[in-house]
Amino acid sequence: MSAKKWDKFAVGVLYALSIFIVLILFSLLAFILIRGLPQISWEFLTQPAKSFQVGGGIGIQLFNSFYLLFLTMLISTPLALGAAIYLSEYAKQNWLTDIIRTAIEVLSSLPSVVVGLFGFLIFVIQFDFGFSILSGALALTIFNLPLLTRTIEDSLQAIPGVQREAGLALGLSRWETVTRIILPAAIPGILTGMILAAGRIFGEAAALIYTAGQSAPALDFANWNPQSITSPLNIMRPAETLAVHIWKINSEGVMPDGAQVSAGASAVLVLAVLLFNVVARYLGKKLQKKATSA
Amino acid sequence: MEEIQAKLLGNSKKGRLEKLGKTVSFICIAIIVFVVVSILYFVTSKGLSTFFTDGVSFWGFLTGSVWSPGNVGENGQPLVGALPMITGSFLVTLLSAVLATPFAIGAAIFMTEISPSTGKKVLQPVVELLVGIPSVVYGFIGLTVVVPVVRSVFGGTGFGILSSTFVLFVMILPTVTSMAVDALNSVPRYYREASLAMGATRWQTIYKVVLRSAMPGLLTAVVFGMARAFGEALAVQMVIGNAALMPTSLVTPASTLTSILTMSMGNTVMGTLENNVLWSLALILMIMALFFNILTRWIGKKGAMK
Numbered sequence: 002m003s004a005k006k007w008d009k010f011a012v013g014v015l016y017a018l019s020i021f022i023v024l025i026l027f028s029l030l031a032f033i034l035i036r037g038l039p040q041i042s043w044e045f046l047t048q049p050a051k052s053f054q055v056g057g058g059i060g061i062q063l064f065n066s067f068y069l070l071f072l073t074m075l076i077s078t079p080l081a082l083g084a085a086i087y088l089s090e091y092a093k094q095n096w097l098t099d100i101i102r103t104a105i106e107v108l109s110s111l112p113s114v115v116v117g118l119f120g121f122l123i124f125v126i127q128f129d130f131g132f133s134i135l136s137g138a139l140a141l142t143i144f145n146l147p148l149l150t151r152t153i154e155d156s157l158q159a160i161p162g163v164q165r166e167a168g169l170a171l172g173l174s175r176w177e178t179v180t181r182i183i184l185p186a187a188i189p190g191i192l193t194g195m196i197l198a199a200g201r202i203f204g205e206a207a208a209l210i211y212t213a214g215q216s217a218p219a220l221d222f223a224n225w226n227p228q229s230i231t232s233p234l235n236i237m238r239p240a241e242t243l244a245v246h247i248w249k250i251n252s253e254g255v256m257p258d259g260a261q262v263s264a265g266a267s268a269v270l271v272l273a274v275l276l277f278n279v280v281a282r283y284l285g286k287k288l289q290k291k292a293t294s295a
Numbered sequence: 029m030e031e032i033q034a035k036l037l038g039n040s041k042k043g044r045l046e047k048l049g050k051t052v053s054f055i056c057i058a059i060i061v062f063v064v065v066s067i068l069y070f071v072t073s074k075g076l077s078t079f080f081t082d083g084v085s086f087w088g089f090l091t092g093s094v095w096s097p098g099n100v101g102e103n104g105q106p107l108v109g110a111l112p113m114i115t116g117s118f119l120v121t122l123l124s125a126v127l128a129t130p131f132a133i134g135a136a137i138f139m140t141e142i143s144p145s146t147g148k149k150v151l152q153p154v155v156e157l158l159v160g161i162p163s164v165v166y167g168f169i170g171l172t173v174v175v176p177v178v179r180s181v182f183g184g185t186g187f188g189i190l191s192s193t194f195v196l197f198v199m200i201l202p203t204v205t206s207m208a209v210d211a212l213n214s215v216p217r218y219y220r221e222a223s224l225a226m227g228a229t230r231w232q233t234i235y236k237v238v239l240r241s242a243m244p245g246l247l248t249a250v251v252f253g254m255a256r257a258f259g260e261a262l263a264v265q266m267v268i269g270n271a272a273l274m275p276t277s278l279v280t281p282a283s284t285l286t287s288i289l290t291m292s293m294g295n296t297v298m299g300t301l302e303n304n305v306l307w308s309l310a311l312i313l314m315i316m317a318l319f320f321n322i323l324t325r326w327i328g329k330k331g332a333m334k
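Protein chains in written order, with my numbering: chain G, 2 to 295; chain W, 29 to 334.
If we strip away everything but chain W, and leave its shape as in the complex, we get:
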């Protein structure tokens, strides 16, 4: 009797399997969330130790323009001004986005509005291949082609913000293009038909109807490209020259947050000030990545309300 009762009231074999499966898949997702939380925690705590353990002033770190960790300035504070790297990172990001946006959106319009068949057969594979090329290869080509060209055309050493901009331009172009294509494709077909039926030319339809209704998506695409440019490390590091100085022109050696990080992390000892300030740079990188993330969400929300 009790055996039957236990059988009826307890979980069946299938029920147990179901529970096991659900638990296992939940553990997998929990691991990922745990990793994300620990990245955020460790980078933040390491990055903040510059200010709390070593007593560097937060404002001095953000606005100081002399980067020479290990040396102490006249006011007794270590020389760890991150402004040159912050400026460098923002400059290359903005310039490459400004350069890439017209090309990317132009190509996306071509692929969706002008000639979808050529777009699918030629441009789509081209964009996918460009995404696939590893960043060190972009860096190598930048070093052997872009830097000498910039040197002979604009003078200087060729290393600097201009070369990085060109390299990043090619690197973010495919990302922005493919996202812009998605944005344009999501504009309903009847918008175009209505506009054409009213006698608008193709360009008028594109410019006044399609582009405007796809605006949130296009903005998201550009922000994604900027996030990629901001976080790119090795390709930029290879062509920017890595001088931690305030950039005075586009063709003198400069540096970005990522380039100084990759250059110096191996030469410092854990726990020292020299090492902690590098983690502060990593913290800025992480905060900017989060900022870009929030920005795309915000744009998405704004766009969806219409």
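Isolated chain G (complex conformation):
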């Protein structure tokens, strides 16, 4: 075959491979939505799950997922922000920084099930938090920290050095330069990174099955006393999330309409993650425009 024919052939193959990938995504989405959307109703989204009968919902699991997400972000954002500021603004190029960067890289490469088991060992057993939202949120924080730190550091690094020099030249300390000039300018990037991290946390299950537990006790949504076990706000109660719920239904098989419930729950999960993605893009662009008044 001549070089030109090879060229045509290769380009054809590349087109085929790419089309195949696009087809995979569309068939996945179509499958989830076609199977799942008919299951979704107000009842389904608000009713508690039933294990041996038809017609259970995902209300408690959905609430648990959001509550856990909120708590995780509440713990991990300040930590990641501080760590990112240190790495981006203060860290010198020396052995200490090398160790720190290696540690973060190692953490991000650990399988989430290992992080979950560590959470089980330390938070659930050693600290005696039991299977609880608190244990789950701490495990998810560990899971979330390396990526969040890196995205925040990247957005800080993306601010041009002249802004720092301008701040220092005005007589501001380095800390003031960071908090008054660099951080506000980096907000669009940081927010985008946070929302994408939220999407990852929302779908995570392996780190949660042995930390937040696999049961969802009934909640009384009128009870706002955080001490009470039926209160949705209580952080010491076991809390099965939506992702864990899907896993559990499918590996236990005691729910007669398990396939329908998991289809509906999967659709909700995927839609939520899609929403996080779209919001992150939109917000990032919008804030960028506002900040640069372009």
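Since the hints were made in silico from the structure, they are not lab data.
Only a predicted model underlies this, so the values are computations on that prediction, with no experimental measurement involved.
Some clues are possibly wrong.
[Claimed, not checked] Just so you have them, the derived chain W footprint on chain G, three or more residues with Cβ under 8 Å:
no.: 1; region: 66 to 75
no.: 2; region: 117 to 130
no.: 3; region: 154 to 162
no.: 4; region: 265 to 276
For glycine and all other residues, C-beta sits at the position ideal for the given N, C-alpha and C.
Here the structure of chain G is known, so what remains is to put chain W in place on it, guided by the hints.
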């Protein structure tokens, strides 16, 4: 006089603020490092207690093919051979990487060399969405679609290494693709221009110039995909069948390190042999994650020297 002296020689208000800020941000990073060190320490010490506290032979654990913790074999040693799970993990990782690599690199070439505009408008969002789909959803789809299809085409129960390979293939595809795109994008433009100016066709340029100079980056991408496949727990656990037996074919139920871990951890009591061997499995997982990490660093270094 002394007041002025103290004011001049001591730290200013701003100086104190600066110190406070630096300390606080350093504490944050120290917490992260501390967490990493304690994960490494606790998993290692728990994982090693099988060998030091319970006296299981290290070699027997790695090469034994019978997994039945709680039962004792003929030689008086507990039956805790982890070889079936180790084999399962390596098989699904290698097979899915072999399957995903051509697709991922093909799509990456398409996005960077053939049609960057379509790549950016269509493939980029597709890849990002595929990354975002949670692993339990992949597992659920694997259970309801892949397993029945494998069952009707290849026979058996449908649960097994083949189904896991297909599920992992889709899961690591976006990771490998987006990293391969970065690798191809970092090849300088003038390499391509020089090659085209010498009369090479587009494919010759891609094959002989772009792919070769991006090789370290592409390898890193594949290793990352393998690391993700090796550590994936729930999606695999849902479709592999979870039988702790040496895999005899690709369509019989098998197990991986992660699948046995998620299945059994809740059914054992802390401190017993049954529980400690599970931590040994976790230790293998962690060591492999570190190994993949070192491998990517090594590839990066090798590639940078050229």
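How the hints compare with the structure:
no.: 1; hint: 66 to 75; result: violated (count 0)
no.: 2; hint: 117 to 130; result: holds (count 6)
no.: 3; hint: 154 to 162; result: violated (count 0)
no.: 4; hint: 265 to 276; result: holds (count 5)
Consistency note: the structure conflicts with the earlier hints numbered 1 and 3.
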